[in-house]
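**Q** Read off the chains here:
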Amino acid sequence: MTFEWLVALRFLREGRIQTLLILLGVSTGVGVIIFLSALITGLQASLIEKTLGSQAHLVVKPQEEMPRVLHEGRVVGTDPAAIAAGLQPGDDALAVRLEKPAQRLRSINQWPQVIRDIEQTPGVTAVSPLVAGSAFVTRGVAQRAIVLRGVEADRFTRIIDVPARITAGRFGVTGTEAVIGSGLAADIGVRPGDRIRILTADGRNDVFTVAGVFDLQNQGVNDSWVLVSLKSAQNLLDLAGGISAVEARVDRIFEAEAIAQDVARRTGLAADSWMKLNGQLLTGLRSQSSSSTMIQVFVVVAVALGIASVLVVWVVQKNREIGIMRAFGTTRGQVLRIFLLQGLLLGLAGWVVGVGVGTVLSLVFAGLATNPDGSPTFPVNLSSQLFLGTLTMALAVGLLAAAAPARRAAGLDPAEAIHHG
Amino acid sequence: MAEPVVRLEGVTRDYGQDVVTRVLKGVDLGLEPGSFTALVGPSGSGKSTLLNLIGLLDRATSGRVLLDGVDTSGLDDTALTRLRGRLLGFVFQFHHLLPAFTALENVMLPGIARQGRADAALRRQAESMLDRVGLADRLHYRPGQLSGGQQQRVAIARALCQGPRLVLADEPTGNLDTATSDQVFELMRRINREEHTAFLVVTHDLRIASRCDRVVDLVDGRIVGDHAAPGASS
Numbered sequence: 001m002t003f004e005w006l007v008a009l010r011f012l013r014e015g016r017i018q019t020l021l022i023l024l025g026v027s028t029g030v031g032v033i034i035f036l037s038a039l040i041t042g043l044q045a046s047l048i049e050k051t052l053g054s055q056a057h058l059v060v061k062p063q064e065e066m067p068r069v070l071h072e073g074r075v076v077g078t079d080p081a082a083i084a085a086g087l088q089p090g091d092d093a094l095a096v097r098l099e100k101p102a103q104r105l106r107s108i109n110q111w112p113q114v115i116r117d118i119e120q121t122p123g124v125t126a127v128s129p130l131v132a133g134s135a136f137v138t139r140g141v142a143q144r145a146i147v148l149r150g151v152e153a154d155r156f157t158r159i160i161d162v163p164a165r166i167t168a169g170r171f172g173v174t175g176t177e178a179v180i181g182s183g184l185a186a187d188i189g190v191r192p193g194d195r196i197r198i199l200t201a202d203g204r205n206d207v208f209t210v211a212g213v214f215d216l217q218n219q220g221v222n223d224s225w226v227l228v229s230l231k232s233a234q235n236l237l238d239l240a241g242g243i244s245a246v247e248a249r250v251d252r253i254f255e256a257e258a259i260a261q262d263v264a265r266r267t268g269l270a271a272d273s274w275m276k277l278n279g280q281l282l283t284g285l286r287s288q289s290s291s292s293t294m295i296q297v298f299v300v301v302a303v304a305l306g307i308a309s310v311l312v313v314w315v316v317q318k319n320r321e322i323g324i325m326r327a328f329g330t331t332r333g334q335v336l337r338i339f340l341l342q343g344l345l346l347g348l349a350g351w352v353v354g355v356g357v358g359t360v361l362s363l364v365f366a367g368l369a370t371n372p373d374g375s376p377t378f379p380v381n382l383s384s385q386l387f388l389g390t391l392t393m394a395l396a397v398g399l400l401a402a403a404a405p406a407r408r409a410a411g412l413d414p415a416e417a418i419h420h421g
Numbered sequence: 001m002a003e004p005v006v007r008l009e010g011v012t013r014d015y016g017q018d019v020v021t022r023v024l025k026g027v028d029l030g031l032e033p034g035s036f037t038a039l040v041g042p043s044g045s046g047k048s049t050l051l052n053l054i055g056l057l058d059r060a061t062s063g064r065v066l067l068d069g070v071d072t073s074g075l076d077d078t079a080l081t082r083l084r085g086r087l088l089g090f091v092f093q094f095h096h097l098l099p100a101f102t103a104l105e106n107v108m109l110p111g112i113a114r115q116g117r118a119d120a121a122l123r124r125q126a127e128s129m130l131d132r133v134g135l136a137d138r139l140h141y142r143p144g145q146l147s148g149g150q151q152q153r154v155a156i157a158r159a160l161c162q163g164p165r166l167v168l169a170d171e172p173t174g175n176l177d178t179a180t181s182d183q184v185f186e187l188m189r190r191i192n193r194e195e196h197t198a199f200l201v202v203t204h205d206l207r208i209a210s211r212c213d214r215v216v217d218l219v220d221g222r223i224v225g226d227h228a229a230p231g232a233s234s
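Chains A and B, in that order, give the protein sequences. Each residue of the first sequence is one higher than the last, beginning at 1 in our numbering. Each residue of the second sequence is one higher than the last, beginning at 1 in our numbering.
Among the hints, a few may not be true.
Residues from chain B shown here face chain A by an in silico Cβ test under 10 Å; the list is partial [as the list claims (entries may be wrong)]:
| # | residue |
| --- | --- |
| 1 | GLY26 |
| 2 | GLY30 |
| 3 | SER73 |
| 4 | GLY74 |
| 5 | ARG84 |
| 6 | PHE94 |
| 7 | LEU97 |
| 8 | LEU109 |
| 9 | PRO110 |
| 10 | GLN115 |
| 11 | ARG193 |
| 12 | HIS196 |
| 13 | ASP205 |
To spell it out: a stretch of chain B is covered by chain A in this simulated footprint if at least three of its residues, at any positions, have a beta carbon under 8 Å from a beta carbon of chain A; those stretches are [to be verified]:
| # | stretch |
| --- | --- |
| 14 | 53-65 |
| 15 | 86-92 |
| 16 | 99-108 |
| 17 | 116-125 |
A short list of chain B residues far from chain A (calculated; beta carbon distances all over 12 Å) [as the list claims (entries may be wrong)]:
| # | residue |
| --- | --- |
| 18 | ARG22 |
| 19 | ASP77 |
| 20 | THR78 |
| 21 | ALA136 |
| 22 | HIS204 |
To be clear, the hints were calculated from the coordinates, so they are not data collected in a lab. Because the structure is a prediction, the values reported are computed rather than measured. Built from N, CA and C at the ideal position, the CB exists for glycine as well.
With the hints as extra help, turn the sequences into a complete structure.
**A** Written out as structure tokens, the structure reads:
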């Protein structure tokens, strides 16, 4: 054991009360930060997971048709639009405005190529074509408005894991099979094996067999979604061979918006990320994160000030001993390192205790309240990243807090310190 | 004649910034290897200041302090600290042991500080030093568990463990009763004879001073007397 370690450890053991006080401060700080972070990241992760449980990360659609002015200004040359309107060159301005067309499904041009383009975009992990439109489902006299979604089973389940969310029957969308939301199933009173008729606004209709019922933990989705094969939806929605949108999954969900922009640039289509579609949720999460960060910063500052003040008193109490050590050949550097080492050791020990406290607190809190299905109401996320982060913080705080007292100790005039303490 | 362990040449020391007080007013002094010298003088005469300068705990305002022939005025703090650890030992009026360490550890600490870590040789050296001061059975006692005389003997063992050329003792017996004083003083004299280690003992106690080889009398920052002690042996 080196001289600095020997003295630092012995001093810590000797100064029981101070050591205990500082340990208490550091471990409380670390505990609070771990608990708070675990709770907030856990809550946020579960919120996002719920949101993304029934939503693709990216949705790529044809550009919106906007109202646009066909022609404006002085007629020059042989403008076909002007000539069609019976105007001569030099005539005054005329504005022709095309209003936004009534909602109609438009197919994505050359969609197989578009899907390949999206698949090759960095960050995208799964891509699935989609035909979606509104329709009605009838069963007996019951009739409900639905969202009809035509999908390719194996591609789609990599975007939204419906098979894992089946509550009755099985997942199957081949032929005339359909999978419907649990709310809708209850609403119209169907079970797997029952038949339903799907009807669109322009009168096309078809009969499907309910293969399964799913619960995506999103009421809007559960009450309205009907999943069928891509081909069935194309027929019903009069989009033979076409698709209305492409859905995609990305590996890093918080980079979804950047990836969406990349996809839009590559395909020339409109690409929206879940982040854009859930702006309010994200704003809420961000303000929650920043308030939690604020609390953590203040905790760190308070802990650092606490350690520093105890260490300053400690150095004053140890003046004479430091003077003696200097007299018998201890260098300023050694004295400095002794006190910095004490700061580091206090940070480390406080972190160990704090991790224990924070972890126990988090797990107790998570176990305290549970949902009917047994999952915690307050999910906590105790990641190794959190432990490493707080370790770094505890060591840095210990070192920083010890810096001023250590410099003071190293700068002592030994003669003065020995004679006057 | 051998090079003195310490040589002071015209050393002065001023204190204060606005009102400058000259505590030492040009001191010339040499201490021979193996000598045993008493430094006497009234309170405020500058004894402690002189001791601090020789001990490299303080710097002279002017003049030169040579340790073993090395001029110390140009050395930085680390070099002074190393020199101090190698050549000098300190014994203070109040033992000044580190209370968190055992007697053995206190004696070993200067060596540990110097070489960075403890080793078996250092431990043997410290044990034999404590044996010589008569504390072989108190190695693992904390200072708080030892009597005043025992503590002072540990402090002497600590001062001597690194084999210094000169031991600076500031009122080493000032805090002890007469009988213990005598024991401690005799211990220092014995080591002086056996190891040829020079001693400079600051004392108020004329009985102690009279048993040294040489008495240097400091009054008002100047050496006013420097003579062989009347009762000195040899």
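**Q** Which earlier hints can't be squared with this structure?
**A** Those not satisfied are hints 1, 2, 3, 4, 11, 12, 13, 19, 20.
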